[in-house]
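Q: Given the structure of chain A, go ahead and fit chain B onto it with the hints provided.
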Amino acid sequence: MAERPRTLVEKIWDAHVVSSEPGAPSILAIDLHLVHEVTSPQAFTGLRERGAKVRKPGQTVATADHSIPTTDPSLPITDELARKQLVQIEENCREFGIPFHGKDCPTRGIVHVIGPELGLTQPGMTIVCGDSHTATHGAFGALAFGIGTSEIEMVLATQTLLQRKPKTFRVQIDGRLHPSVGAKDIILALIARIGVGGGTGHVFEFTGDAIRALSMEERMTVCNMSIEGGARAGLVAPDETTFAYLKGRKFAPQGAAWDEAVARWRKLPTEEGATYDKSIVIDGDKLEPMVTYGTNPGMGIGVTGRIPSAADVEPGDREELERALAYMGLEAGKSIAGQKLDVVFIGSCTNGRIEDMRAAASVLKGHHVAPGLRVLVVPGSQQVKKQAETEGLDSVFRAAGAEWRESGCSMCIAMNGDQLEPGQYGISTSNRNFQGRQGKGGRTFLASPLTAAASAITGVVTDPRTVTATPAVEAH
Amino acid sequence: MPEPFSTVTSRVISIPRANIDTDQICPARFLKITDKANLADALFFDWRFTPDGARRVPPSFIDEPHNAGRQIFLVGDNFGSGSSREHAPWALRAWGVRAIFSTSFADIFKGNALKNALLPIVVTPERHAALTALLAADPDGEWTVNLESQKVTLPGGDSFDFEIDLFARTMILAGTDEIGYVLSQLPAIEAWEAAHPARVETREGAAAK
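These protein sequence lines map, in sequence, to chains A and B.
Under the working numbering, the first residue of the first sequence carries the number -10, and numbering increases by one thereafter.
Under the working numbering, the first residue of the second sequence carries the number 3, and numbering increases by one thereafter.
Please keep in mind that the hints were generated in silico from the structure rather than gathered at the bench.
Mixed in with the good hints, there may be bad ones.
[As the list claims (entries may be wrong)] Derived lysine to aspartate or glutamate pairs resembling EDC-like cross-links, with alpha carbons at most 16 Å apart:
#	chain 1	residue 1	chain 2	residue 2
1	A	K42	A	E(-1)
2	A	K73	B	D37
3	A	K92	A	E395
4	B	K153	B	E165
5	A	K323	A	D301
6	B	K153	B	D142
7	A	K267	A	E(-1)
8	B	K38	A	E38
9	A	K239	B	E203
10	A	K256	A	D228
11	A	K92	A	E80
12	A	K239	B	E206
13	A	K354	A	E378
14	A	K154	B	D167
15	A	K154	A	E38
One chain only, chain A, in its complex shape:
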């Protein structure tokens, strides 16, 4: 008898269930555990208190990204708490035998950037990290999600998690995107459509022609912000694009093991006839560059749109809209394009990879940033930094008047000194526009690297389609 057709998520789930007792959550095996300095210290303390070891140090990897400065690395770290946290992760990794991509390591970077670039992230895996943007790794067809510190301790001690099977939510993006519309616009449009709680209890699977046409880095951008739509994870089925990206990477399978892995990965995609708990179809042809105007990522509109007024939203959402506009200092009914900016931030686990750097540089080449504007370009990893410098992108940014930094989370979470000042407006390629997220009292517009770079030239929120981009480097 033929088996019931299964989705990608169900296949990965079924392959990792260690045991499941009636009524209890399943014990789910974890293939890869990513660790960073901010959410792990208390978990290591817990391990010590119970006298436990890290069960699988070879399936665990750590880096420092959140609180690390992006300024000159030869300077001492002046923030005592951040310094202590960075010392702590290094000591914890040494004590428990976990490989650590630390401050002076050429492979250091944002945890969700280095996993893929090192080839650690692979299709069919279960991947967890004490960070909600772990969904990024879903771009490879891995079930990847964020966990809390208690769960970090659980994975360190047991290499498993207690989990209930998630529901599935298919997000189909049809058609073909305009050249100035990209992955960031897809995910912002989805969240604007379903709301920040729209995916709660579910895992997204992104399908459709517009998704298939995306590069791996673009798929990572889409999956990265699944959590902003309420879903803990978001996946794209692996295909030739996935395999081509992974082949030859440091920790990817090599030789015969590679062929065997690819054969296994080809069996992962959702089968014909499999069903999802929920689904939505979005016409990619109609998408335009997106910008958020409010204080959650669901408050987004097309860059040619107007800031909504109370009459445009459901009665139950009016108070929240009014509170958001008051915080943002924005007027309902005004165009979002043309809003004044103080800062531009290009970077983060959402948009800090080499293609993002190239996109921003293609817009900024031959231009200078608007007078008085601060523009911060922060590569997602030291490898991205090096590659960008090899291609001369750093020179493009510097010549345009932007700051070129060391890698890290930087102004996305404002823990390392890179932050908006109270009242300042920033356009940011990061993932959250929550109140105070990028600095106390700071006000964030979320957008793509193209939109952020176009806005850097004008000093106001700008439609990238009105600015001519020139490839900053020869085509690759």
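A: Only chain B this time, still in chain A's reference frame:
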């Protein structure tokens, strides 16, 4: 090790806002700690203090004297959205909160809350509206949440049942350590591992299977 927990009786604080994110509950700059100390002070910090550090006037609800010691919150939809920081439930617990009523909770927050014996209680929109009205009419009434019987008792004696993850309920009632529970099933984990070679080897030089 966790302590058993079953019942809380307390006056209630209403926060009638939807989508309260973890950056509001515990701003990121308070995540630079390496322990769990002093997190009560971080709770809703930016709602309580201006960017230059002055206490807001009038004070935030959190700092109103009559709200001190209240252990139950009634909040808007999708509470705890955003990051995976367990600092959010740690801060709520440190401040004294034991149960939160909402129409929904963000997934990661909900899991983190349960691991800290902070009860996320989901109610229907109709029930939520009724509770909001009740609280407006009787702002100092005491509610009782009983995890054992899965019952909420309101001032005046009305009561209703609530649902909660039954496994988490068992763990919280007994004060069971979840890691200990999983480690007690080590043979099953070992058997699984024996049948499934590791997909990756993160240590340089060590051979991946």
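Q: Would you mind marking each hint as holding or not holding in the structure?
A: Here is how each hint holds up against the structure:
1. Restraint check for K42(A) and E(-1)(A): not satisfied, since their Cα atoms lie roughly 31 Å apart, outside the 16 Å limit.
2. With a CA separation close to 11 Å, the supplied pair K73(A) and D37(B) stays within the 16 Å bound.
3. Restraint check for K92(A) and E395(A): satisfied, since their Cα atoms lie roughly 10 Å apart, inside the 16 Å limit.
4. Between K153(B) and E165(B) the alpha-carbon distance is near 9 Å, which keeps this suggested pair within the 16 Å criterion.
5. Of the supplied pair hints, the one linking K323(A) and D301(A) holds, its CA atoms being roughly 13 Å apart against a limit of 16 Å.
6. Restraint check: the Cα-Cα separation between K153(B) and D142(B) comes to about 20 Å, which exceeds 16 Å; the hinted pair is violated.
7. Distance restraint check for K267(A) and E(-1)(A): the Cα-Cα separation of roughly 14 Å lies within the 16 Å cut-off, and the hinted pair is therefore satisfied.
8. In summary, the hint linking K38(B) to E38(A) is supported, as the alpha carbons are separated by about 15 Å, within the 16 Å threshold.
9. Between K239(A) and E203(B) the CA atoms are separated by roughly 11 Å; this keeps the pair inside 16 Å, and the hint holds.
10. Taking the CA atoms of K256(A) and D228(A), the gap is about 10 Å. The hint holds against a cut of 16 Å.
11. Distance check on the hinted pair: K92(A) and E80(A) sit about 13 Å apart at the alpha-carbon level, within 16 Å; holds.
12. Our distance criterion of 16 Å between C-alpha atoms is met by K239(A) and E206(B), whose separation comes to about 9 Å.
13. Taking the CA atoms of K354(A) and E378(A), the gap is about 14 Å. The hint holds against a cut of 16 Å.
14. Of the supplied pair hints, the one linking K154(A) and D167(B) holds, its CA atoms being roughly 13 Å apart against a limit of 16 Å.
15. Proximity of K154(A) to E38(A) is assessed by CA-CA distance (about 31 Å); at most 16 Å being required, the pair is judged violated.
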